[in-house]
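Undergrad: Could you build all of it, start to finish, from the sequences and the hints given here?
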Amino acid sequence: MADPLLRVDKLVRRFGGITATDNLSMDVMPGELHAIIGPNGAGKTTLISQLTGQLMPNSGSIHFGGRDVTGLPSYKRSRLGLARSFQITSLLKDFSAIDNVALAAQAHDGHSFRFWGNARKERHLRDAARAALERVGLGKRADIVVSQLSHGEQRELELAVALATRPQLLLLDEPMAGLGVTESARMVALLKELRKEVTIVLVEHDMEAVFALADRITVLVYGRVIACDVPDAIRKHEEVKRAYLGDQHAVTRHD
Amino acid sequence: MKMPKLSASTAVAAAVCAALVLLPVYSAVTGNIFILTMFTRIVILALAAASLNLIMGYGGMMSFGHAAYLGIGGYAVGILAAEGFGSGFIQWPVALVVSALFALVVGALSLRTRGVYFIMITLAFAQMAYYIASALSRYGGDDGLTVYKRSDFAGLINLSNRTQFYYLCLACLFGGLYLIWRIVNSRFGLVVQGVRSNEQRMQAIGFHANRYRLVCFVIAGTICGLAGALLANNTDFVSPAVMYWTRSGDLMVMVILGGMGSLFGPVIGAIVFLVLEELLSQFTEYWALIMGPLLLLIVLFARGGIMGLLGRMSRG
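If you read the sequences in order, they're chains A and B. Counted from 1, the first sequence has number 339 at position 137 by my numbering; the numbering is strictly sequential. Counted from 1, the second sequence has number 880 at position 87 by my numbering; the numbering is strictly sequential.
Please keep in mind that the hints were generated in silico from the structure rather than gathered at the bench. Warning: the hint list may mix true and false statements.
[As the list claims (entries may be wrong)] Which chain B residues face chain A? A few, computed with CB under 10 Å, are given here:
1. 924
2. 925
3. 928
4. 976
5. 978
6. 979
7. 980
8. 982
9. 984
10. 994
11. 1000
12. 1004
The model shown is predicted, which means the values in this text are computed figures rather than measured ones. Using N, Cα and C, we set each Cβ at its ideal position, and we do this for glycine too.
TA: In structure tokens form, the structure reads like this:
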């Protein structure tokens, strides 16, 4: 078996008396779409934040591409090819859509201590940004200020920003959150395309989407991994059913 | 941004620029020397306010100690003059370098904090500079230091000539504004503005936010140091009072009044603030009682300041 792209080993993170990440280990293989599910408060976002470096673990380690990144700040992890989208949309609201994406491309195109030339006229940055926007279907909305975009468009823009950093690993924190039915379907179609190019870790509540997309699923409960397997096995997993899927059977039986 | 149509705010900015350029002519024709003196000071403080706007408006860094650089630039000129170094070619570079170094130290320490703490630390550093200057008994201490001879530029320009000095100040203002305009639209400027908008996001896409903020902070301090060197030449005098925290407050008021994050806003703000101060103080010594509520109205009802108001008017 190939080496994992991301290896999380015995990760622990406490907030006061609560252990949000409890001795958590998991591997993400290159090329896979690895979903993380779990009930509210299972520590999914806490985990993602530790993977990207916004939050430091109390103990344990994170290896990315064979390199120990446990102590690296988020901007350095981003340079290594780790990108995230935020659960609560986190964009530069007073910037246009294309500016948001172009800045992400700029971050990975040498340093930005350039004080004179007009950055908005740098062709290769604009082209890269436009390509990423086209990719997520926002090509026509490039010049709109983010605060004027719909919620669904902002979710797509989150994805375009992450893509523009040309990541090896994409950490998506509930990309479907708050989307309507058609928007969700568009997002699923988009993720199906993207997974061909980039390894994806997907945190998502929409079970239908998760089971349709994932190669493997890790189930978190109270910060612990209770199961990690292919979707069919997860569906049949007794402990998972008890802990989590109980009230969602109607959804998972769909397909 | 790419509207070729002349908006109200650009029109006003252009008109004000033209007026500033033609002011010495008016002064000469009418024999009104006072207005030239007054506007020399306004132009200098507009440059200081513009530099503050770079960090405050574009960078989101609420520095409450920006007047410190006025003092540092001024004292560099004053002290060197007192020690016999009259050449502007020595005085001015020293003023800029010392301002930059001070900004580097203040920035490196204060940028670890955010919000109110940042405001308080920048204020504390400026007050420290104020008390140090007060303690410089060799250079006048509390009473300040008279600059007996203005900076000497080897005959290139005579700073003691009112008109020449005014145009030098105006050139510095326009140069400073042009520099800020280039910076704001550059890669660097976009990063700084991005960090103001959403620091976490900027870190997540790969920017070391504080490094960019620090460099921006130093640039602003350096530009303000230039304004300080001009100011000392203008008043032929420099004293700790230039650095007092109320002066930092005045600069902030000019920026907010004119419009934070608008290139020309600080210039409008400086003109309106200082002209109002002059007019109101002729009526009453309690002019601040009128200025205060006026500022309150601007902050409450015209966020974006005067330039913001003009922008909205032109959009109808």
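Undergrad: It remains to establish, for every hint, whether it holds in the given structure.
TA: Results of checking the hints against the structure:
1. 924: violated (34 Å)
2. 925: violated (31 Å)
3. 928: violated (37 Å)
4. 976: holds (5 Å)
5. 978: holds (5 Å)
6. 979: holds (5 Å)
7. 980: Where the cut-off is 10 Å and the nearest Cβ of chain A is about 4 Å from residue 980/B, the hint holds.
8. 982: holds (7 Å)
9. 984: holds (5 Å)
10. 994: holds (5 Å)
11. 1000: With a minimum Cβ separation of about 5 Å from chain A (threshold 10 Å), the hint on residue 1000/B holds.
12. 1004: Check passed: Cβ of residue 1004/B comes within 9 Å of chain A, closer than 10 Å.
Hints 1, 2, 3 from the earlier list are contradicted by this structure; the remaining hints agree with it.
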